[in-house]
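> Protein chains in written order, with numbering that gives the first Met the number 0: chain A, 0 to 435; chain B, 0 to 435; chain C, 0 to 435; chain D, 0 to 435.
A few of these clues could be false.
[Said to hold, decoys possible] Using C-beta positions, here's what the derived DEER-type ranges look like:
(1) D:Arg240 - B:Gln198: 54 to 60 Å
(2) A:Gly184 - D:Arg240: 24 to 30 Å
(3) C:Arg108 - D:Ser3: 57 to 63 Å
(4) D:Ala351 - C:Ser16: 33 to 39 Å
(5) A:Arg337 - B:Arg110: 55 to 61 Å
(6) C:Asp395 - D:Ser16: 47 to 53 Å
[To be verified] Derived DSBU-like pairs (lysine-lysine); straight-line CA-CA distance at most 30 Å:
(7) D:Lys136 - C:Lys72
(8) C:Lys38 - C:Lys72
(9) A:Lys38 - B:Lys136
(10) D:Lys72 - B:Lys136
Worth flagging that the hints you see were computed from the coordinates, not collected in a lab.
Model, not experiment: these values are computed from the prediction.
Where a beta carbon is used, it is the ideal one built from N, C-alpha and C, also for glycine.
There are 4 protein chains.
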Amino acid sequence: MTDSIVPKPSGAIPDRSLYERRESGVRSYARAMPRQFGKAEGVWMHDTQGGRYLDFLSGCSTLNYGHNHPILKQALLDYIAADGIAHGLDLHTDAKEDFLATFEDVILRPRELDYRAMFTGPTGTNAVEAAIKLARKVTGREMVIAFTNGFHGMTLGALACTGNAAKRGGAGVPLSHVSHEPYDGYYGPDVDTADLLAQRLSDPSSGLDAPAAILVETVQGEGGLNAASPEWLRAIARIARAHGALLIVDDIQAGCGRTGGFFSFEGMGFTPDIVTMAKSLSGMGLPFALTLFRPELDQWSPGEHNGTFRGNNHAFVTSAAALRHFWSGGAFQADVARRAALLEDRLQAIAAEYGFEVRGRGMMRGVNVGSGELAASVTAACFAEGLIIETSGAHDEVIKVLAPLVIDDAVLATGLDILETKIREAMTTDYAVAAE
Amino acid sequence: MTDSIVPKPSGAIPDRSLYERRESGVRSYARAMPRQFGKAEGVWMHDTQGGRYLDFLSGCSTLNYGHNHPILKQALLDYIAADGIAHGLDLHTDAKEDFLATFEDVILRPRELDYRAMFTGPTGTNAVEAAIKLARKVTGREMVIAFTNGFHGMTLGALACTGNAAKRGGAGVPLSHVSHEPYDGYYGPDVDTADLLAQRLSDPSSGLDAPAAILVETVQGEGGLNAASPEWLRAIARIARAHGALLIVDDIQAGCGRTGGFFSFEGMGFTPDIVTMAKSLSGMGLPFALTLFRPELDQWSPGEHNGTFRGNNHAFVTSAAALRHFWSGGAFQADVARRAALLEDRLQAIAAEYGFEVRGRGMMRGVNVGSGELAASVTAACFAEGLIIETSGAHDEVIKVLAPLVIDDAVLATGLDILETKIREAMTTDYAVAAE
Amino acid sequence: MTDSIVPKPSGAIPDRSLYERRESGVRSYARAMPRQFGKAEGVWMHDTQGGRYLDFLSGCSTLNYGHNHPILKQALLDYIAADGIAHGLDLHTDAKEDFLATFEDVILRPRELDYRAMFTGPTGTNAVEAAIKLARKVTGREMVIAFTNGFHGMTLGALACTGNAAKRGGAGVPLSHVSHEPYDGYYGPDVDTADLLAQRLSDPSSGLDAPAAILVETVQGEGGLNAASPEWLRAIARIARAHGALLIVDDIQAGCGRTGGFFSFEGMGFTPDIVTMAKSLSGMGLPFALTLFRPELDQWSPGEHNGTFRGNNHAFVTSAAALRHFWSGGAFQADVARRAALLEDRLQAIAAEYGFEVRGRGMMRGVNVGSGELAASVTAACFAEGLIIETSGAHDEVIKVLAPLVIDDAVLATGLDILETKIREAMTTDYAVAAE
Amino acid sequence: MTDSIVPKPSGAIPDRSLYERRESGVRSYARAMPRQFGKAEGVWMHDTQGGRYLDFLSGCSTLNYGHNHPILKQALLDYIAADGIAHGLDLHTDAKEDFLATFEDVILRPRELDYRAMFTGPTGTNAVEAAIKLARKVTGREMVIAFTNGFHGMTLGALACTGNAAKRGGAGVPLSHVSHEPYDGYYGPDVDTADLLAQRLSDPSSGLDAPAAILVETVQGEGGLNAASPEWLRAIARIARAHGALLIVDDIQAGCGRTGGFFSFEGMGFTPDIVTMAKSLSGMGLPFALTLFRPELDQWSPGEHNGTFRGNNHAFVTSAAALRHFWSGGAFQADVARRAALLEDRLQAIAAEYGFEVRGRGMMRGVNVGSGELAASVTAACFAEGLIIETSGAHDEVIKVLAPLVIDDAVLATGLDILETKIREAMTTDYAVAAE
């Protein structure tokens, strides 16, 4: 194993008094990873004291192509150097045109999808707000069905769709007009939760009002890497259609190749009415969000949903470059599929040893170790070795591997070696002792 | 007058079929200004057919320092070229540290302000959502007082605070937990609306619940360039304190020098509990938002309000560069004050001629021409001459001048010449005729 | 003055342990008037220890014809003795037919009113809930405008329309879909609050959503005996019509002769779309409520709003008897008008002496003594003399005189003598001393 | 069979023009039973044209002791004749004292229950509103869990707890702060819906907020006579306690002996925190409602929930008489139990013949005939024979037998004979033919 594929953490924690004085205590990742980072390229992040970290978090799937990918970076440098429009509200720009044309050519046409793009404020939560607004407008209904463990954002409309009690509690007002229904597998393998939903929607006395939309993630990122089966998703799509509701797939985390295809629902036999995208859409981590919908649903009045930063032109540039580079042919997707299989094999082996459960799909994978305490202890030990890795799930009990999709196989293996070692150590020391 | 300070519009409207096929009809500015723009520098935008446009809109106050300011641009190019962190969730980075340190040194200390910064999702609406969440959490109350003609964003929590009926209608659900009270001057000069508010809040039978916060713009941008008087704002601040509510100043549009100081409330004799910023904060039009609050209010749990793109590192870089360049001494502010006086004089002269009313403060100015139809006709005529200028107000009846703060005096005069001419033409032809 | 017109209070407070053990502490009147009452006739209530009390409260206008009026009582005794239907859901009964026919003949036809009657659950709050439900259904809008100091009931829909903060606080959830606007005179005599409302409703950026209904009391009973002027009420009616809202007059307390006519709005030059009635409608204090509306508004589906006790047949019987006896000709109304003038003269004289303000209209009158403490001290002193009298208003600062409309002039004078004396004593002892 | 136990319907439908002109179309029962009724005693109702009807509806369980029971009737006649207080707000009266003392002696003490009584507005919906208000106040939480097919009333707070879509639609505003969970057996016999609820409440990411209360009927009257098992109810009680929620049993329809004991939950091994009662509580069909709760929960402020007709004194009189007469010893309850067994046997025999399902418990029984159309045809045919009987359930598919509890066995048999015959006729003619 060459040095170049081994993380080298730095031990020292730099002075944090400026942050403590001037940055809100709402910060979270900075607590578990108390270093200061300066630069990053590919799968590596560098701190200011010489440390090098392997990134198995990828900005929560925002950096699917790694940090500062050279092709994207060069495209952005060229654009800025040429005084390309940085901010143009929703005016037509060369960068927007290039993005739209590339998105049509590279993404929509090959998949025979006919969507219109709405550039919302450049955050995922804004894309979700726009999606549910549109569904409510088009259907004239108010209630949205979301799912247990779903995560859709932190502004009030999207937060109402989010399941997490701690996040919800931050609202300070009741979160209304949303009903959370059990996700696939929520009541165990023997209960088909799509059937439960269908029964309640068909019952005029169930108390569940007719929904404007069903909002679903195909794989729940924050909720613990729960992957819905294609059968269940098709059933949900049928239920939506049968009850006059629009099907919204929130593809913010699972899309852009993370679970295999550009859209997470490709090849599953259904087409959402509305799709939300963000995170890796810009390809370089720039704020960018998109709400896609069938043209017939484009019933917005001009400016009915707007925002100062809708249409981030820098992101148009990097996103178009990424689409062209990674998605023009099938090579990238095939590469990701192969790598995802390697990842799954390794995780299954680890899980089998301890009776853990592997979760997720594609390169959006996790291991449910059964306890948030154990998971936190493992990820902290990994970070001490230079591996950036995080948890998710209702009790933070799932260690999630969200490596850049472009990671070299050997580097992936190195990271997984660290993870495996730290799980083993945790299981053989603290927890084994604790169990005695 | 040299050529270099005269706009040169291009006449041709480029093919729009791609946009019509693939971009949502929600776009608005692109309709009134049907060109395609490629690059921009300073006060100028360039279309793809050789046209050059003088920008009196500045991305609705997002480009106070003009497009692609060379110092900011170079800082960003250097950062990207060096593989600076583009996306790091809320991790500590060199760029964030530099921003925080500069913000403290250049902005907070000289003004004797003690705020903590929360980097919300990089949109103004998100900063507002965080502000009202925090106010609700800290006070344990649910109701927020906002004002007639206020604009605070389009996600559900911020939209509830927004007055505009068309925007509100897009919600598709009732907008709750907010009461809109009359802004300064709403009922004319003889009614002190702060008194009205104080009376209702002091009356246990008024039906107005005890508020968590009073959310106010010192100058209402979208609402028609209504500027509240310092006396009224102080009264509102006193009312907030007396009733246990937090005072939130939404400085997203009026801040960053637009109305004079870095904060719009400087020198007015009160200090908000919470301040929201966005738009020109990055200095270069990059998505960036900030919620500032007194340290005692920093009662967030870690991650209680989060978001993928919170802490846009590119924006940290350009923002820190802008703070240093423009705000380190008093020269820029003095320059803006001088230029604002020029602007006011010209607008007052125009207004006096036709009995119009000048609105606003500093470089956030408008002329209420009394009719949305007239205003639209004037701004369309201006655009045909190469001047980008827009309207606001409940009936779009206010022509607003939001030129970059760095505009050369002669160029400002050129733009105002166009505006004056187009108003005169409108008044002497269509409207004069219509009035007969 | 004969003995028969002088109250004779009993001093002893009976054992209350049963109540303390078994009745909720939510009771209120029983605290200020700690006697146990056994029987009552006309204007007199009798306690179980020989005391006799003059009733200037009349069940908060529920006993406009006094207690157990002999004609109503006999009608009810005959009906029960003959096994008349006591409970029949909404089935047609002889008692209902008689009520409807009498209401049509005696009330509607002479006033040229064309209303349909909906027998809601027999409480005022239920009549209000039905009224606002219907307005929302017919208009397809959600927001209702109610007024400062308005009182409309305690169930969640009606409570949202009620202004009192203590009552509102009992909801335990935010009260939504209602905006409280200033009532007539709320900002003093120089501000026309109807103009303020019209301005906000005409402004598409005021944040005040288009209302389904405007809900108003012509005289606010619980809110402090505030009487709106006919001019203001007509303006409100015009505003409602101009903005597509239904005008609902809540006549629960001010109707049934309390302010003069059967309806409180008679002769004012406008006709409400919907009227709610309860309190004195049964004439004998039996639970009974009614929502009246123009026939075109009768868009209910069968059973869409129902309730077990809708259509209280005992109340049909006493109500029909009361309508025939009191409202068939003009004698009763003339008598009430004459007596109301006597009442007003006496109260004006008292008020003039101390700089107090007389409130209300007809026999719904009060004196604002400026302080809840003073008012409570006066009413307690009155009760100790055998006069049952209560307060209202945001600070309970208004002593209200709600004597039965049938009260003998001499008895009315006796009660007012007590009130006058107790006010004088309060002003010359405690408060005068306190003021030194 | 003697004439005295056979119904004698009258054929003629009286003129309805008065009702059509003056009564709202919201009436429902009057449509299916288009006669005009004049008097009633025991199990019989008499129309004005000589018809006599056997009442298997009992005002939806409001007349458990039959119409105008002679003992209750005499008590009321005596009270009125003696000028007993009819209306006294919440003042202490002899009638209230007698009711409270009797309720304590006859109901609470023998059952070792310690409840305080709150006399709400005299409708069931008001009792429910008070119950959920109190639960929200005591717990500081906002969300209430109610169940599929639950019915709790028509005012906005109670309606939010009601499952029926048509009733809910009447609200005209979204119904918030309530989540409807599946009732016992909702997903068939193999799914324990209490387990499902427990899982969601224990999951901090389920999106189901911590509840203030769980509101449940032990047998769902309007929802289709669904009877929850004691095991399920105990599980719900445990879940409520475990999650800090109050358990509210809505005993408005199932209480007062309808399902056996005075309270429907007697002998089931749990004690609700709050109980709502109405319907048969007065014993004679007079409006009366009661919310009972543990003394520790009595955290109301005086007057925090009030209402003009709270404490209906006529109802106190008849209710106390009913408690003494029917509930002082065990004879009545034993008689009801015996009669309920007869009823069940007959219904089971009918159901067995056609594959129908018997629903309910005690004398609150129904037969699910699988189709609302069939059920309506049967009940219409019964009415034509003089049997008043109605349907319930999500699709009105359950024919319900709610005979007075005091019905003579032979008369019960006569009514069931009619029902059996009409079911047979329906099955052998229309439906058999339709099925060919």
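> Of the numbered hints stated earlier in the document, which are not met by this structure?
1, 3, 4, 7, 9, 10
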